[in-house]
Every structure is written in C-alpha cells, then in structure tokens.
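A.B. asks: If you want the building blocks of each chain, they are given just below.
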Amino acid sequence: MSALPTRKDEAFRYADLAALEALWPLPVQEIRVAAGETGASAVVLDGANDAAQDIVITLEDGAEYDLRLLNAGSAYGRISVKVTLGKGARFHLGAAQIAGGEQTAEIVTEVVHAQPDAVSSQVVRSVLGGKATGTYLGRVVVARGAIGTDGEQSIRAMLLDRTATANARPELEIYADDVKCAHGCAVGELDQQSLFYLAQRGLPPAEAKKLMLHAFIAEAFVGAGDEEALTEAALKALDAVL
Amino acid sequence: MLNIENLQASVADKPILKGLSLTINAGEIHAIMGPNGAGKSTLGYTLGGRPGYEVTGGSATLDGTDLFELEPHERAAAGLFLGFQYPVEIPGVSFVQFLRESANAQRKARGEAPLSGGEFLKLAKEKAGLLRMDMDMLKRPVNVGFSGGEKKRAEMVQMGILDPKIAILDETDSGLDIDALRICGEGINAIMRKPDKAVLLITHYQRLLDYVKPDFVHVLAGGRIVKSGGPELALELEEHGYEAVAA
Chain A
11 MSALPTRKDE AFRYADLAAL EALWPLPVQE IRVAAGETGA SAVVLDGAND AAQDIVITLE
71 DGAEYDLRLL NAGSAYGRIS VKVTLGKGAR FHLGAAQIAG GEQTAEIVTE VVHAQPDAVS
131 SQVVRSVLGG KATGTYLGRV VVARGAIGTD GEQSIRAMLL DRTATANARP ELEIYADDVK
191 CAHGCAVGEL DQQSLFYLAQ RGLPPAEAKK LMLHAFIAEA FVGAGDEEAL TEAALKALDA
251 VL
Chain B
1088 MLNIENLQAS VADKPILKGL SLTINAGEIH AIMGPNGAGK STLGYTLGGR PGYEVTGGSA
1148 TLDGTDLFEL EPHERAAAGL FLGFQYPVEI PGVSFVQFLR ESANAQRKAR GEAPLSGGEF
1208 LKLAKEKAGL LRMDMDMLKR PVNVGFSGGE KKRAEMVQMG ILDPKIAILD ETDSGLDIDA
1268 LRICGEGINA IMRKPDKAVL LITHYQRLLD YVKPDFVHVL AGGRIVKSGG PELALELEEH
1328 GYEAVAA
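If you read the protein sequences in the order shown, they are chains A and B.
Numbered as in this note's numbering, the first sequence ends at 252 without a single skipped number.
Numbered as in this note's numbering, the second sequence ends at 1334 without a single skipped number.
Worth double-checking, as some hints may not be accurate.
Unchecked claim - 20 angstroms max Cα-Cα, derived DMTMM-like pairs, lysine to aspartate or glutamate: (1) A/Lys219 to B/Glu1158; (2) A/Lys219 to A/Asp201; (3) B/Lys1226 to A/Glu229; (4) A/Lys219 to B/Glu1176; (5) B/Lys1226 to A/Asp71; (6) A/Lys219 to B/Glu1161; (7) A/Lys92 to A/Asp71; (8) A/Lys92 to A/Asp76.
Unchecked claim - Chain B regions said to be covered by chain A (calculated; three or more residues, Cβ under 8 angstroms): (9) 1133 to 1142; (10) 1201 to 1207.
These are calculated hints, taken from the structure and not from any lab test.
Glycine included, every Cβ here is placed at the ideal spot set by N, Cα and C.
I would like the entire structure built from these sequences, with the hints used as guidance.
C.D. replies: The structure is reproduced here in structure tokens:
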C-alpha cells in the first residue's frame, strides 16, 4: 500500500489524518461478481474503535450488487468504495452515517460505468450532531462508449446542531453521449411545519424529532435483505447522538 | 370552555389579530367566516402555538388554563385539536405509528394509562369507518400521496382518535367534493357534537354549515370579530357578501 495520503488528495480532504495514520494501510476487501450473478453485503461500523475500510467491487456483464453501509459510533469511521460496472451491470448503495460529539464519519465512492447500459443508484443519509463532521464524496465516471448509462445519487444530510458540519460532493465525469445521470443533494434541518403538525397532535418535541429522524435514516436501508437488522442498528446509533 | 379576550397576534412583526374576543361554551358549535386575509387561519395557528405566530396581547384560556403558557403538545393534551387547512405530508412516518404515539403521549400527560396496540387499532378502525376511510390508508406515511379530500378526512379520523375537548377546524371544507363534504360534516357531528365538547369552524362558505349546523356565526374582518349572530348570518353573508354585511 502507498504512503499515507495528505489533504491534497481530494478523497482525503476531510479525513481525520491522525486517526487515519493509526489505521494505515487500510484493509482492502475485494469483491468480484461473475457475469449474470448477484451479490449483496453490508458493512456496519458501529464499534467504539476507529475503523476504515476500502471496498473494491468489480461487476462483470449483467452482474448485480447491493451494498449497504452503516457508519456510526466510531470517533473516526471511513468507508471507501470503488465499483466498476460491466455491460448492463447494476449497483445499488444505501448508506447511513450517524455522528455526534467530535466524531468524523466519511463515505467516499467512485462508481465507474466502464461499459454501456449499466445502472447505479446511491442513497446516502447522514445525521450529524454536536461538532461532528460527516462527509460524502461520490464520483460517478462514465467511460467513453458507455452509452445507455443510468447513474443516480440521492444525498441528504440533517444537522441537529449548528456546530455540526456536512460535506457533500456528488461529482460526475462523463465521457459518453446518451447517458442519464442525476443527483440530488441537500443539507438541512428538520422541517418546522412537520414538527408543529406532530406537536399539535400531542407529540413532545423530542419524540417528534426522533420519529422524523428515524424515517429519514431508514431510507438508506429500504429493500435491503437484512433491512430490519440494519435499521434497528441505525436507530440505536441515532438514539445515542440525540 | 374556550375564552379568548382581546387577542392580538403578529406574524413576522405584522399585526394580524387586533383585539379578538370570543367565548365558546361546552356543547356549542361556532363558525367564523370572513374574507381572505382577515386573520382566520392566524387565529387557529395562534391558539395552536405554531412557531412564528406571536401573541402580543390579550389572553386565551381553555377550561381556565392559560393556553399561551403551554407548549403546542401540551395544548393538544389539554384538549385542543387543530384541523389543518393544508395537512403536512411526512414521508416515512405512518399514521398508525405516529397517532398511537401521539395519543399515548397525550394520555400520559393527563395521567391516563396508555392504549395497547390492540386497543389503539380498534379505536383507529372505528374512527376510520366513521369517515369511510380504509384502515390500509392509515398504515401509509402521513398524508403522502393523499388527495385533498383524503387529507381532510384523515384529519377528521385523527380528531376522532385523539378525542379533543375543542376542535378548531381551519377550512376543513376546502378541496372537498360534495360526497367528501357530507362525510366530513357527518364525521364532525358524530365526533364533536356532544354536551362536553365544542367546535370552531373556520370557513369561507356556507356549504359545510349545511351539514354541521352552527349555533353561532361570527364575521372576522381586519383582525377582529365585527359581527356575530345565529346560523342565519351565514346565509346572509352568502347572499350579500362580507362587505355589505360587515359594514
């Protein structure tokens, strides 16, 4: 593995370098899905220790992969994913980041549509409180000739306190015509109108807030094979930062 | 039951309510009518405690309790229900889940035992039936994908489940077709026309009042009540318009 990166490296711009140094070199998990096959996995970082992981996924023609990430609970948690899609391959990422206190959480993805007609979708939901920093850097590359590409990113972060920081950077690099790439990106606070509506029905503010955040974070795990367990783990992490 | 005296309220520093007084006794149904911008919705939101609606003078008490000393959820627990003109959509949160939590939060605040899952579902089913609403709709996220009429019926189902002392219904009739209007009207009567309850209907039109017969009708203009009367006042307004009647 190469030398410890610096902040000049875009993928590490917001990283906790001191914490990273202790973890370097990062363990790499390689996943290869053969043509026409399907696979799925989930990575949950919810331990008390710092953790960082590199995941490299190669999808051959027509392969499908469903990856879910829960990045919560560590002082520093980083998951980076690089996916290369073959012809007609499909990739879905559902990720939740939950951080409070002084925690730093980051997810860095690079999805390469190397061949035509591949589909990728990424849903990332972050809830950040205290002085936490949550980062999502998501790059979608459409290679020359990868026509018929469909790439979608939905990135939303919710700040519980004005002292928390969210970095969200969806990025598109397109070298082909006839592709469909969309991204939605929003950093915000809970909708005041909705909170008032819930309060008017009798829900105390803390419970109303919790109910809405639960719904927000659950979007990351919709349709996952182990949706229930992942959602439960995420809600537990959420309750810890509320 | 509800006593409003010389109420003044501002939104973004602009005075909207300018000395509104109104007394509603148990067992009564009142209707407030008035032109656009008169302050009708502001009255509902101010009593409900919506952020941004600032009370600058006067008072409002519910059975002797100062409403303005209470947080919005405490006002709900005290028995105040606000039917929204535009009910909010909340993705990911189901009606059943949020209403059970709400009902139990209210019960807890009043020192009552919580409803079990079974008890709650039975209650919800009964009230949904009253409004001809399928229980499956209450398992869906709050108001998401509901038509205007379905949202209003869902408001009435919530009112039935939460069983308030007083309901302030802000333009419950807007966006309803004639069948939904009748269903909502009958729902309001079934749930709220009782000796220990009261209703304040906020509306532009006479049509809801054909189903929910008010005991008193008031005209709100320029932030205060300018005329009060019996049900005949609503008919008079419908015929001659606000300007002629309130002048």
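A.B. asks: Take the hints in turn and mark each one as holding or not.
C.D. replies: Taking the hints in turn, this is what the structure says about them:
{"no.": "1", "hint": "A/Lys219 to B/Glu1158", "in the structure": "15 angstroms, holds"}
{"no.": "2", "hint": "A/Lys219 to A/Asp201", "in the structure": "10 angstroms, holds"}
{"no.": "3", "hint": "B/Lys1226 to A/Glu229", "in the structure": "17 angstroms, holds"}
{"no.": "4", "hint": "A/Lys219 to B/Glu1176", "in the structure": "15 angstroms, holds"}
{"no.": "5", "hint": "B/Lys1226 to A/Asp71", "in the structure": "40 angstroms, violated"}
{"no.": "6", "hint": "A/Lys219 to B/Glu1161", "in the structure": "16 angstroms, holds"}
{"no.": "7", "hint": "A/Lys92 to A/Asp71", "in the structure": "17 angstroms, holds"}
{"no.": "8", "hint": "A/Lys92 to A/Asp76", "in the structure": "13 angstroms, holds"}
{"no.": "9", "hint": "1133 to 1142", "in the structure": "holds (count 4)"}
{"no.": "10", "hint": "1201 to 1207", "in the structure": "violated (count 0)"}
Violated hints, in rising order: 5 and 10; the structure is consistent with all others.
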